[in-house]
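2 protein chains.
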Amino acid sequence: MCQTENTPSSSTPNKQDMVEVGQVNGTNGRPAAASANQQRNPYAPRYADFLSNVCNFKIIESTLREGEQFANAFFDRPTKIAIAKALDAFGVEYIELTSPAASEQSRLDCEAICKLGLKAKILTHIRCHMDDARIAVETGVDGVDVVIGTSSFLREFSHGKDMAYITKTAIEVINFVKSKGIEVRFSSEDSFRSDLVDLLSIYQTVDKIGVNRVGIADTVGCANPRQVYDLVRTLRGVVSCDIEIHLHNDTGMAIANAYTALEAGATHIDTSVLGIGERVGITPLGGLVACLYAANPEYVKSKYNLPMLREIENLVAEAVEVSVPFMNPITGYCAFTHKAGIHAKAILNNPSTYEILKPEDFGLTRYVSIGHRLTGWNAVKSRVEQLQLVLTDDQIKDATAKIKELADVRTQSMEDVDTVLRVYHSGIVSGELEVGDSHQFDKLLKKHRDSSLPRPELTNGANTNGTATPTRA
Amino acid sequence: MCQTENTPSSSTPNKQDMVEVGQVNGTNGRPAAASANQQRNPYAPRYADFLSNVCNFKIIESTLREGEQFANAFFDRPTKIAIAKALDAFGVEYIELTSPAASEQSRLDCEAICKLGLKAKILTHIRCHMDDARIAVETGVDGVDVVIGTSSFLREFSHGKDMAYITKTAIEVINFVKSKGIEVRFSSEDSFRSDLVDLLSIYQTVDKIGVNRVGIADTVGCANPRQVYDLVRTLRGVVSCDIEIHLHNDTGMAIANAYTALEAGATHIDTSVLGIGERVGITPLGGLVACLYAANPEYVKSKYNLPMLREIENLVAEAVEVSVPFMNPITGYCAFTHKAGIHAKAILNNPSTYEILKPEDFGLTRYVSIGHRLTGWNAVKSRVEQLQLVLTDDQIKDATAKIKELADVRTQSMEDVDTVLRVYHSGIVSGELEVGDSHQFDKLLKKHRDSSLPRPELTNGANTNGTATPTRA
Chain A
4 MCQTENTPSS STPNKQDMVE VGQVNGTNGR PAAASANQQR NPYAPRYADF
54 LSNVCNFKII ESTLREGEQF ANAFFDRPTK IAIAKALDAF GVEYIELTSP
104 AASEQSRLDC EAICKLGLKA KILTHIRCHM DDARIAVETG VDGVDVVIGT
154 SSFLREFSHG KDMAYITKTA IEVINFVKSK GIEVRFSSED SFRSDLVDLL
204 SIYQTVDKIG VNRVGIADTV GCANPRQVYD LVRTLRGVVS CDIEIHLHND
254 TGMAIANAYT ALEAGATHID TSVLGIGERV GITPLGGLVA CLYAANPEYV
304 KSKYNLPMLR EIENLVAEAV EVSVPFMNPI TGYCAFTHKA GIHAKAILNN
354 PSTYEILKPE DFGLTRYVSI GHRLTGWNAV KSRVEQLQLV LTDDQIKDAT
404 AKIKELADVR TQSMEDVDTV LRVYHSGIVS GELEVGDSHQ FDKLLKKHRD
454 SSLPRPELTN GANTNGTATP TRA
Chain B
4 MCQTENTPSS STPNKQDMVE VGQVNGTNGR PAAASANQQR NPYAPRYADF
54 LSNVCNFKII ESTLREGEQF ANAFFDRPTK IAIAKALDAF GVEYIELTSP
104 AASEQSRLDC EAICKLGLKA KILTHIRCHM DDARIAVETG VDGVDVVIGT
154 SSFLREFSHG KDMAYITKTA IEVINFVKSK GIEVRFSSED SFRSDLVDLL
204 SIYQTVDKIG VNRVGIADTV GCANPRQVYD LVRTLRGVVS CDIEIHLHND
254 TGMAIANAYT ALEAGATHID TSVLGIGERV GITPLGGLVA CLYAANPEYV
304 KSKYNLPMLR EIENLVAEAV EVSVPFMNPI TGYCAFTHKA GIHAKAILNN
354 PSTYEILKPE DFGLTRYVSI GHRLTGWNAV KSRVEQLQLV LTDDQIKDAT
404 AKIKELADVR TQSMEDVDTV LRVYHSGIVS GELEVGDSHQ FDKLLKKHRD
454 SSLPRPELTN GANTNGTATP TRA
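So the protein sequences, as listed, match chains A and B.
Take the first sequence: its position 154, counted from the start at 1, is 157 in the working numbering, and no numbers get skipped.
Take the second sequence: its position 161, counted from the start at 1, is 164 in the working numbering, and no numbers get skipped.
If we strip away everything but chain A, and leave its shape as in the complex, we get (with noise of 0.2 Å):
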């Protein structure tokens, strides 16, 4: 269903906040019928579009593949179980291996993976030749990916291949492939530096001998999303078998144009945990869904796991020996950290107001930083209210300003926050200090550090209601 919910309950929706949803079929690759009269969310897909699949997606996850040419990625058997393993419970539709003509060890591995009966399907992925098929539909897989290169570039310095050759070789591989009943997909290497006329020529005699999917490759990363947009949706009028989009990051624009080729009528896209790959990588899992769940989050909920997404980014950032990058969507450490006066006055009103994504749906938390020297007198107030003090709106503008000069000569902690706030308060309550009085604030704060009275103790919740400082995870 592309139902919404970031609209706050206690907002009513005017006009130009209701937006118009196709009512389609909700089969076959097109979006779900939806509500007339839904509230708006202005990242769902806004016009009847019959071609988005938005709405209707399935992944193909190639940590194990793709993943597996990452330059750290050396993932013995029992990470490549414990990762197929957590990708299934995650909930993804298909997680594709290493091809079993590349090493022995690949295929013993490919082999034992095929036995362990998970839900999702199991792919590898095959040059297009005969040698390798042989070898791939006696794994016990579900599918078999076949890629073969065919931009100018790959036919000339790779394979060496004319496009009747391949077309010939693609026809042979794709009918032995089936024979064994099971799916096949063709995919192009490099798509977007083919010829485009080669390129549909080759898909639609795929597809008429087939095919279950046709795959696109942007191989390099460089492509953008119009270009992406504009491939698919031609490719859209020519075959009628499933999509698939594999998508470099070399620009950074793999995210982005997983998106657009699901608007331009794409089925299937490639990702991997943390975007790990050849180069730096394609589609990270997270990001994509990151970026479907702001479009459709009961959709992208009903599907996944949310809450797992952590465990598995660090399964395989372990395994891979990297960070989970900072500015990771979703799981980064300070993903929902708000900092700016501004924003975090308006988050303590309503999450929504600068939070699209719902840290709750990740398993995860919000917090707001205030120890700064761009802190705001809101946020200070509501960490005055967490720790039951009584001051006026006056006398919180003044600490919040006393705050600010000592974060201008290093940063706050919460402890420093704190103790200023609880300073500042007995200042105001015993009559030593009055409001704009900066010398004598000094001076009480100058004191209450020189004596060894250990700190008063927390009289409630003062670390809940997510204003705290963030820990690094």
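In short, the hints are calculated from the structure, not lab data.
Check before you lean on any hint, since a few could be wrong.
Some residues of chain B that are not near chain A, with every Cβ distance over 10 Å (derived) [said to hold, decoys possible]:
hint	residue
1	Ala89
2	Glu141
3	Ile174
4	Asp364
5	Leu392
6	Lys407
In silico lysine to aspartate or glutamate, EDC-like type, Cα no more than 16 Å apart, as pairs [what the hints assert, rightly or not]:
hint	chain 1	residue 1	chain 2	residue 2
7	A	Lys164	A	Asp201
8	B	Lys183	B	Asp135
9	A	Lys405	B	Asp145
10	B	Lys405	A	Glu107
11	B	Lys181	B	Asp145
12	A	Lys361	A	Glu301
Every value quoted in this text rests on a predicted model; they were computed, and no experiment measured them.
Note that beta-carbon positions come from the ideal geometry of N, C-alpha and C, so glycine has one too.
Using the hints, position chain B against chain A.
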């Protein structure tokens, strides 16, 4: 100039390879003229699009404003100055600083950076409020970026002002800043959740009173490329001033959205180094450079000192205590590492096969990784030649099978691979080894490893020509 250069000189482009590029005037935010018979760069702007500014844009670098809102950021003055100087040397057109109203130190630092005499214009970013404007114009900045939340979310939960009040204040602030003879930009906040008519109305009003730029902001970071294109394109038809765009990266689409905004007629893109900012930040400088370079390498090389990119990223990463993400475009530590056998073969024949970004343009080096089970004999052959060993293709294929077998157990370092090749070679030369005699090879390798003799010295150039294992930066 919209020249391209990625087509290898050895390949003659066919008719399909020719692209039509708009013959336009090259001034005032429009693409520059290009030769009619241009070689094909498939990632270049493909149509005569008079709107697109992919070949004509300016960067507003906001590491010292948006970046200061990153959870880890605390920039003291020497750090701010070092970052500002580095960005200026890189060639960004604008440097944006934290509001001088945020704290006393922020104000003093802003004044100090204005006095550096940088080539880049210095901007500061303030709330749409006369108090802030009065402080800002006294700092010596070249321009003031004014922002106010216009979405129903922010109007309700942040500042609580209506559109009439916002418009009145905007006019007052803009006229005041203009009266001081400096640039002024007016931006909405959370533009994609704002009422379109409200937005266009206020932009038209401020355009008429002579604002230099209007700004669009995806403050929550969830817009998709089509939404960005639509809003910028619509706005382009309403105002005659420049258009700036500020894109958060919560769903990982900020680079593609920036590219798309330029296609739709935006003129200025906000970036920060590594994308640092609130939550997961905004469009990263390096990623933006990567996608614009892919579209038009000559133009981007003419504007920016690209080999400085890594240095700037390291500077900022150190200042905010994060690592450069492993999958960062261009500077990620394996961005130019090739691993799969078929990739390695083609890269060795012609780097354009799998690379649109030329590492040498960024002062970086290409690596081909060969000590793993996905390796191919063409990559191994290249290494054999570097080591000045003489082996037939059949012998190299046999040695490659041995490397794959060993790499199935654990990843082989370049030193391991070299040992295999040397032992194999000496076995062949001495007659002790024949092709396919795996058992004998294992004996020779064990004998070599057991011997206490030092390894033979490399004869020459063994670590040149780009074949080496990657090292972490």
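Hint-by-hint comparison with the structure:
Every CB of chain A lies more than 10 Å from the CB of Ala89 of chain B, the least distance being 20 Å, so the non-interface label holds. Listed as a non-interface residue, Glu141 of chain B keeps its Cβ farther than 10 Å from every Cβ of chain A; the least gap is roughly 19 Å. With a least CB separation of 21 Å from chain A, Ile174 of chain B remains clear of the 10 Å interface cut-off, as annotated. For Asp364 of chain B, the condition that its CB be more than 10 Å from all CB atoms of chain A holds, with the nearest at approximately 13 Å.
Here Leu392 of chain B stays apart from chain A, with its beta-carbon at least about 23 Å from theirs, past the 10 Å limit. Its closest Cβ contact with chain A, about 5 Å, brings Lys407 of chain B to no more than 10 Å, contrary to its assignment away from the interface. Simply put, Lys164 of chain A and Asp201 of chain A have alpha-carbon atoms about 13 Å apart, close enough for the 16 Å limit, and the pair holds. A hinted pair counts as satisfied when its Cα atoms are at most 16 Å apart, and Lys183 of chain B with Asp135 of chain B qualifies at roughly 14 Å.
At most 16 Å may separate the alpha-carbon atoms for a hinted pair to count; Lys405 of chain A and Asp145 of chain B exceed this at roughly 30 Å. For the proposed pair Lys405 of chain B and Glu107 of chain A, the alpha carbon gap of about 11 Å is at most 16 Å, so the pair holds. Distance check on the hinted pair: Lys181 of chain B and Asp145 of chain B sit about 11 Å apart at the alpha-carbon level, within 16 Å; holds. The hinted pair formed by Lys361 of chain A and Glu301 of chain A meets the criterion: a straight-line CA distance of about 12 Å does not exceed 16 Å.
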